[in-house]
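*Asks:* Put chain Z on the given structure of chain W with help from the hints.
So the protein sequences, as listed, match chains W and Z.
Per this note's numbering, the first sequence starts with residue 1, numbered consecutively.
Per this note's numbering, the second sequence starts with residue 307, numbered consecutively.
Simulated from the structure, these hints should not be mistaken for lab results.
A virtual CB, placed ideally from N, CA and C, is assigned to each residue, including glycine.
Nothing false has been slipped in among the hints.
Far from chain Z, some chain W residues (derived; all Cβ distances over 12 Å):
{"hint": "1", "residue": "L50"}
{"hint": "2", "residue": "A69"}
{"hint": "3", "residue": "Y71"}
{"hint": "4", "residue": "V76"}
{"hint": "5", "residue": "T106"}
{"hint": "6", "residue": "P110"}
{"hint": "7", "residue": "Y174"}
{"hint": "8", "residue": "A188"}
{"hint": "9", "residue": "G224"}
{"hint": "10", "residue": "V273"}
{"hint": "11", "residue": "G285"}
{"hint": "12", "residue": "A291"}
Reference excerpt, derived from the structure (chain W facing chain Z, CB under 8 Å, subset only):
{"hint": "13", "residue": "Q36"}
{"hint": "14", "residue": "Q200"}
{"hint": "15", "residue": "T215"}
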Amino acid sequence: MRRPKVPALVLLALGVLLAVGPIVSGLFAKVAAGNQMIDQFAPYMETSALSRYRADLGTLQRGTSGVDAIYRQEDVATGRFPLLDDYRSQSTAIQNRASGLLDLVTAAEPDYRRVADIGGFDRIPFLIVAGGVVAIYGGCMLLEGRASRARAAAGLLVLTSAALVASPLMSGLYGGAAAGHRMLQSLAPVMRPGEVRQLQSDFVVLVEAVGELDTSFRSVPQHGVAAADVAALVDDWPLVSSDLASLVGVIENNIGNFDALGNLDAFTHALGVSGLSAFPWLLVGAGVTSAGLSVAATPRRGKEIR
Amino acid sequence: MNGTHGHSARAGIMAATVLVLTTAVACSTNKTAASTVSAGAGRELVGLFRLAPGTAVGDQLTGTWFRMLQPGGNPTSGPYMRNADSPADGGLATLLQPGTSAGLRTGGYESQPTPAFDAEGNSLADAITTPTKFFGVKFSISTNKVDPQTRTQVAPPTVWLKDGKLTADLSSWAASWNNQNFNQGAPKPVLSTGAKALGQAQAERVWDWVSQQWLESEAKPTVSGADATGTFDPDTGAFVLEWTSLIVGGPFNGFTGFWHLQGVFKPSGPAPAGA
Numbered sequence: 001m002r003r004p005k006v007p008a009l010v011l012l013a014l015g016v017l018l019a020v021g022p023i024v025s026g027l028f029a030k031v032a033a034g035n036q037m038i039d040q041f042a043p044y045m046e047t048s049a050l051s052r053y054r055a056d057l058g059t060l061q062r063g064t065s066g067v068d069a070i071y072r073q074e075d076v077a078t079g080r081f082p083l084l085d086d087y088r089s090q091s092t093a094i095q096n097r098a099s100g101l102l103d104l105v106t107a108a109e110p111d112y113r114r115v116a117d118i119g120g121f122d123r124i125p126f127l128i129v130a131g132g133v134v135a136i137y138g139g140c141m142l143l144e145g146r147a148s149r150a151r152a153a154a155g156l157l158v159l160t161s162a163a164l165v166a167s168p169l170m171s172g173l174y175g176g177a178a179a180g181h182r183m184l185q186s187l188a189p190v191m192r193p194g195e196v197r198q199l200q201s202d203f204v205v206l207v208e209a210v211g212e213l214d215t216s217f218r219s220v221p222q223h224g225v226a227a228a229d230v231a232a233l234v235d236d237w238p239l240v241s242s243d244l245a246s247l248v249g250v251i252e253n254n255i256g257n258f259d260a261l262g263n264l265d266a267f268t269h270a271l272g273v274s275g276l277s278a279f280p281w282l283l284v285g286a287g288v289t290s291a292g293l294s295v296a297a298t299p300r301r302g303k304e305i306r
Numbered sequence: 307m308n309g310t311h312g313h314s315a316r317a318g319i320m321a322a323t324v325l326v327l328t329t330a331v332a333c334s335t336n337k338t339a340a341s342t343v344s345a346g347a348g349r350e351l352v353g354l355f356r357l358a359p360g361t362a363v364g365d366q367l368t369g370t371w372f373r374m375l376q377p378g379g380n381p382t383s384g385p386y387m388r389n390a391d392s393p394a395d396g397g398l399a400t401l402l403q404p405g406t407s408a409g410l411r412t413g414g415y416e417s418q419p420t421p422a423f424d425a426e427g428n429s430l431a432d433a434i435t436t437p438t439k440f441f442g443v444k445f446s447i448s449t450n451k452v453d454p455q456t457r458t459q460v461a462p463p464t465v466w467l468k469d470g471k472l473t474a475d476l477s478s479w480a481a482s483w484n485n486q487n488f489n490q491g492a493p494k495p496v497l498s499t500g501a502k503a504l505g506q507a508q509a510e511r512v513w514d515w516v517s518q519q520w521l522e523s524e525a526k527p528t529v530s531g532a533d534a535t536g537t538f539d540p541d542t543g544a545f546v547l548e549w550t551s552l553i554v555g556g557p558f559n560g561f562t563g564f565w566h567l568q569g570v571f572k573p574s575g576p577a578p579a580g581a
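Chain W with its partners taken away, still in its complex shape (with noise of 0.2 Å):
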């Protein structure tokens, strides 16, 4: 039997790739991360929830022209109310942050369920891992092993880099891979730990004036529909409040994971193409170079070269 030695050392040296690559490189880790990342933003991504926060930034938006409307119906002197007043100074800031924020969040919403649609996405470095100990262990039996279990070997190599080249169709990775770069880049942003702490000051500001608006303001004559509107924030401040904590308190949580995620995006930057959308080529490239050594260095008939 004939043995092509030279593509099954290449298959042995793509298989040592597979397997240490990922572990390596961190894949398992950023994979977990993004994964992580996308489970904790799915209460936020739903639709009733961009809804509700749209009906939150509503609420905050009359209930601030009714203070406005107060003070200037009360004729309401500066410095009785410091946190109103610290509030009113800036809050067209707050509310276009607010907005902008609500704004990327909606945006990213279809290619983030593309992304939260693909299939089993934590469990590809596994497949990898696997494809490379199968390429090991294939190339030491095509190497050395007898002409049965090499054309064994050959077969199960042939069938794992089909699962390679399939798993990004069967997962929806193709679209969700690319989707997941774009994703990122709309998040880009709010995802910094600068912008988390300007939402966090934003906050501090909101709750100490509406806390004002909840005690010493009631002091002051209010009336028609500015105090219908001041009312209404202050009733449903305790769930406004809520939203908001708990979108900031995501952010804050994830900007780890959505580095990290960054990071594998970033991975083939050299190359001018996003990592994210080369990941399934790259499982596909895997997947016919192995299935093509495989073949290549299958044992044919002939004279063996030792």
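*Replies:* Only chain Z this time, still in chain W's reference frame:
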């Protein structure tokens, strides 16, 4: 035949060698150092730390109270968050009232109820302290075997007395507010909420067991940072416990809670399990 068996044996050894080397390279990138935090020595005080209600006269606070320090501030000069719902020190402090069990029990947990919040996000934990309004929503305290925020298993509240000074492991001290949980303990539990690959948690548990059984490694620490400290009068049982606790993660990441518990210690059995 011998030749083909020789082929298979060599191939098997070769594959095993490559796999072992592969695994060794991979595992060598995941080594972590472990250290532990040792508890202070002294007599353990088991029983009820009955809390005195917080009171304020001007900026003088007594009893049990709490302040929330903004990021970048310090406990001496603040800036503290101004809770409009609190009359104490212009809202810079929030006074606390003892809950249904009258205070903090050591040696066991006074856990969060289920559900932990009402429909408006008010905390329903009422054993240690009475739920108290903080920016329009009531917050309260519980101590839990698994901390609700960090998901780390922590020790029950434990207080030691040595030379008239108290040191306390209050790592299970958890504040709940507005559907959010904030660990406010001292020392701080390490976070157990990081992303993990499939099977990683189980593999880590096996590795920890193996390393402790066979490699004489110490268990990984579950807490870090300083204990709570305080004073104790052995004649009257009067105590003061104080600590600061950084909020890690969540909407108030970087803020710090400053806690002051005051009252009288009554020795008794530990808190009933699952209280």
